[in-house]
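Enquirer: Chains as they are written, first to last, in the working numbering: chain P, 3 to 501; chain G, 101 to 461.
Since the hints were derived computationally from the structure, they do not count as laboratory data. Please note that a few of the clues may not be correct.
As the list claims (entries may be wrong) - With a straight-line Cα cutoff of 25 Å, these simulated BS3-like cross-link-like pairs (lysine-lysine) come out: (1) P:349 - G:426; (2) P:360 - G:346; (3) P:231 - P:474; (4) G:450 - G:426; (5) P:349 - P:374; (6) G:329 - G:150; (7) G:185 - P:321; (8) G:329 - P:373; (9) G:110 - P:396; (10) P:195 - P:62; (11) P:195 - P:213; (12) P:367 - G:185; (13) G:329 - P:376; (14) G:321 - P:376; (15) G:110 - P:373; (16) G:321 - P:374; (17) G:150 - P:396; (18) P:71 - P:57; (19) P:360 - G:321; (20) P:321 - G:336; (21) P:360 - G:150; (22) P:211 - P:180; (23) P:57 - G:450; (24) G:321 - P:396; (25) P:349 - G:110; (26) P:360 - P:321.
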Amino acid sequence: MNTKLKVSEISKIYPGCIANDKVSLEFESGKIYALLGENGAGKSTLVKILSGVVKPDEGKVFLNNKSIKLNSPLDAKKNNIGMVFQHFNLFETLSVFENLSIDSNKTNEDLRVLVNDILKKYNFKIDLDIPVLNLSAGQKQKVEIIRCLIRNPKVLIMDEPTSVLTEQETDDLFISLKQFSNEGILIIYITHKLKEVLSLCDEVAVMRKGKVVSVSNTIDEKIESLANKMVGESLNTIKKKINNFKDSEEILKISNLNFESDDPYETNLIDLNFSLKKGECLGIAGISGNGQSELFQILSGEIITEDTSIMFRNKEISKLNPRERRDYLMAFSPEDRISQAAVPELKIYENVALNNFKSSNFFEKGLVNEKKIKDHTQKILSNFSVNTDNVELKSQFLSGGNLQKLIIGRELITSPELLVCFNPTWGLDVGAINYIHENLININQQGKSSILISTDNDELLKLSDRVCVIYKGKLSKIMNAENVTPEKLGILMGGGSID
Amino acid sequence: MEVQLIKIEKRNDVSRSIYLLTPILAIFLTLFGGGIIFFALGFNPIEALKFFFITPISDLYGLSELLLKATPLCLIAIGLSFCFKSNNWNIGAEGQLIFGGIVGGGVALLFYNHDGFYVLPIIIVSGAVGGMVFAMIPAILKTFFNTNEILVSLMLVYVAKLLLDYLVVGPWSNPEGFNFPETRQFSASARMPILFDGLRIHAGIFITLVTVFLSWIILYKTYLGFQIKVSGLSLKTANYAGYKGKIMIIIVFMISGACAGIAGVGEITGPIGQLHRNISPDYGFTAIIVAFLGRLNPVGIIFASLIVALTYLGAETAQIFLQIPKYTGQVFQGMILFFLLASDYLLFFKIKFLGLKKNDI
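Excised from the complex, chain P in its bound form:
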């Protein structure tokens, strides 16, 4: 039987962020659909709505032309919508079979027969009686898939399934997915990996900033065209005046940066080398999850790596922690402004005190100088037009834009020599974006340098003097921003090469 799934005018608004803005999409069984988009584009929210985890503010979901209510994950299960999340939901110490039987209402004997049939049919090789912790990531994923298959799903949603898989496991997964699709299961495949979309899927819907920006057949698409749709094409952006840095002083030199992580969800960095001149802005583009977060943490000193050399104004700083690096006038604005750059439960002035630059001297002889911190905070609030003058307000009451202004203000008010920022305008409204962009341009004009790690190509091309792309933990060559087109970036972001 044919399965049709339709979402109609779905909207979901979180405070300060429109996660889904009137999203309408139609899916039909027999095809594999890709839902493509950056982190924060709204695809996870849409998927959570389809799996009953999140309730939409507006809009409806239709299954075979019948409107269905998805108030809980249980409703999704009742409607035969199966979901495999990126992070596995398995009990590591229980056996595979115990994990499968937890949410099954079948008797153990029936279930075992059924599971063995599934294993045989799809050629999965998994020992049902060993604990899940002994399985590889690919096998754990198969357990999750089996858990869905037990319920005869009409729709199977896969959320970033290949992020922890090896290439061989990825190939196996694709074979299975194609087999499911041939058997009439509607498959929705969520990813930000462009190559996978082209090799696996029939149709692709691209989401950006909460909206569906395009729906097309994958046959008509190339890696670059998808990349551009995903991160936004550069439309007449006014580039800032590019300076000639040939004779400027070199302020930062990174050599031999390597990072190997124990965590399979992190990306390893391979042999990064670059340098930065006084007054220059270096943009680092890339699709998220290619090592940006790891690179940021190494630059900020949250991760200390062996053998890497970071020379900042001719001093070796690679072994210093973030606070010590601030003494050398480096400033950092991380991507996660809500849970990392600031603590929502703390008052504004306490959040300002987090980053104690030497010149601000918030803590004399180990004691808190509350007055100094509050005066300093007052200055940030007015200089960076944060929409409050109450330093005692808890930061959780600031909108995203105001919080980001506060953070950027905190970093910039001591005029650091280098600002490293990571997606500084992510999720903000246009006004706040422009304000932050102005500030970032300003610091370069004052002879201060910046590194802009961003997944927004518009932003990168607007603000950077030189640009490079990070892909699977490796940096492309560094190009002058004026010679770079969105197409070129698109090719590099998808793992291709130019010239």
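Go by the hints and put chain G onto chain P.
Expert: Same frame as chain P, but now just chain G:
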């Protein structure tokens, strides 16, 4: 039929008044729960509660006993608040208390025929160091080997208890003690000065009060306190701010261990006057309840320690007058913690009454 509709909503902000009121609510619920238990046991609940909570402190001796029991509870809880505020779960204060007692007691035994003003301070300091060292074991294992501090600190309690057992039965037992499992009596200069004749309350209370004051300064007025607060709220942020997380873990455990160690010394040089098997009626565990009932706030902890100390006294009176086991005290302590955790639900959620609605069914 009409029904009252109730909606439970998440609060946007935790209001300060509710934050301070829930512990009081928890205490009232405990009294109520206790009343029900007494009723089920066949007592008049009001009378029984009176025996439990009023009689013990209706005379000067009772008040002195209350302060005597509150002194170690408050001291240990203050130390624990450093750990808990920074998300370090030190469950082993009982072990740190005992080990501090062992070290302090050992020093006291060394000086058993010495007199001098210097004896007591040396004992107190060595007890503090003992507790500190013992608390550093889980801290160091956590920072360098990623072990779980809850398990390690808890299990070390039994190590300390067995060590004490061994010492008082074996090498340290009183040579003139007819093989009773206890050491010699400490010399007079090794004892905490008694504040009032005929009452057991001793100078240890001043150590506790000074510690409360110092910890208030450290927690709210120093960089270290700020770092502890930030690390407790978000480790990610603390890491980003560049706080030395590992050293901080060790520092908070050291503070906590030192407080427990001094509490142990206070017991053996105060009311007990020697080492024996039971130098603490689980003060180290009960102090965890005190710390949370006091909202990890130094002033709150003072009040909480008085209330919890009362459950110890009440249990003893109830045993005498009502012939019920003194373990009822632990039942009350358990209820306080239970109701406190339950009423904390109100911190994050509010209950809305939406009015009456016709029920169609």
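Enquirer: Confirm or reject each hint.
Expert: Hint check results:
For the given pair, residue 349 of chain P sits about 46 Å from residue 426 of chain G by alpha-carbon distance, which is inconsistent with the 25 Å threshold. Among the hinted pairs, residue 360 of chain P with residue 346 of chain G is consistent with the structure: their alpha-carbon atoms are about 22 Å apart, no more than 25 Å. The suggested pairing of residue 231 of chain P with residue 474 of chain P holds, with an alpha-carbon distance near 20 Å, which does not exceed 25 Å. Restraint check: the Cα-Cα separation between residue 450 of chain G and residue 426 of chain G comes to about 38 Å, which exceeds 25 Å; the hinted pair is violated.
A C-alpha spacing of about 15 Å is found between residue 349 of chain P and residue 374 of chain P, which places the hinted pair at or below 25 Å, so the restraint holds. Using a Cα cut-off of 25 Å, the hinted pair residue 329 of chain G and residue 150 of chain G is violated, with the two alpha carbons roughly 40 Å apart. Note on residue 185 of chain G and residue 321 of chain P: the hinted pairing is violated, with a Cα-Cα distance of about 29 Å set against a maximum of 25 Å. Of the pairs offered as hints, the one joining residue 329 of chain G and residue 373 of chain P holds, with about 19 Å between alpha carbons and a cut-off of 25 Å not exceeded.
Proposed proximity of residue 110 of chain G and residue 396 of chain P is supported: the alpha carbons are some 17 Å apart, at most 25 Å. For a cut-off of 25 Å, the pair hint linking residue 195 of chain P to residue 62 of chain P is broken: about 28 Å separates their Cα positions. Straight-line distance between C-alpha atoms of residue 195 of chain P and residue 213 of chain P comes to about 19 Å, which keeps the hinted pair within the 25 Å bound. Straight-line distance between C-alpha atoms of residue 367 of chain P and residue 185 of chain G comes to about 23 Å, which keeps the hinted pair within the 25 Å bound.
Between the alpha carbons of residue 329 of chain G and residue 376 of chain P the distance comes to roughly 18 Å, so the proposed pair stays at or under 25 Å and holds. Straight-line distance between C-alpha atoms of residue 321 of chain G and residue 376 of chain P comes to about 14 Å, which keeps the hinted pair within the 25 Å bound. Restraint check for residue 110 of chain G and residue 373 of chain P: the C-alpha separation of about 34 Å exceeds 25 Å, so the hint is violated. For the suggested pair residue 321 of chain G and residue 374 of chain P, the alpha carbons sit about 13 Å apart, so the restraint of at most 25 Å is met.
Taking the CA atoms of residue 150 of chain G and residue 396 of chain P, the gap is near 44 Å; set against the 25 Å cutoff, the hint is violated. At most 25 Å may separate the alpha-carbon atoms for a hinted pair to count; residue 71 of chain P and residue 57 of chain P meet this at roughly 9 Å. At roughly 19 Å between alpha-carbon atoms, residue 360 of chain P and residue 321 of chain G fall within 25 Å of each other, so this suggested pair holds. Of the pairs offered as hints, the one joining residue 321 of chain P and residue 336 of chain G holds, with about 19 Å between alpha carbons and a cut-off of 25 Å not exceeded.
Using a Cα cut-off of 25 Å, the hinted pair residue 360 of chain P and residue 150 of chain G is violated, with the two alpha carbons roughly 60 Å apart. Of the supplied pair hints, the one linking residue 211 of chain P and residue 180 of chain P is violated, its CA atoms being roughly 30 Å apart against a limit of 25 Å. A C-alpha spacing of about 21 Å is found between residue 57 of chain P and residue 450 of chain G, which places the hinted pair at or below 25 Å, so the restraint holds. The straight-line distance between the Cα atoms of residue 321 of chain G and residue 396 of chain P is roughly 19 Å, inside the 25 Å bound, and the hint therefore holds.
Between residue 349 of chain P and residue 110 of chain G the CA atoms are separated by roughly 21 Å; this keeps the pair inside 25 Å, and the hint holds. The hinted pair formed by residue 360 of chain P and residue 321 of chain P meets the criterion: a straight-line CA distance of about 18 Å does not exceed 25 Å.
Taken one by one, the earlier hints fail for this structure at numbers 1, 4, 6, 7, 10, 15, 17, 21 and 22, listed in ascending order.
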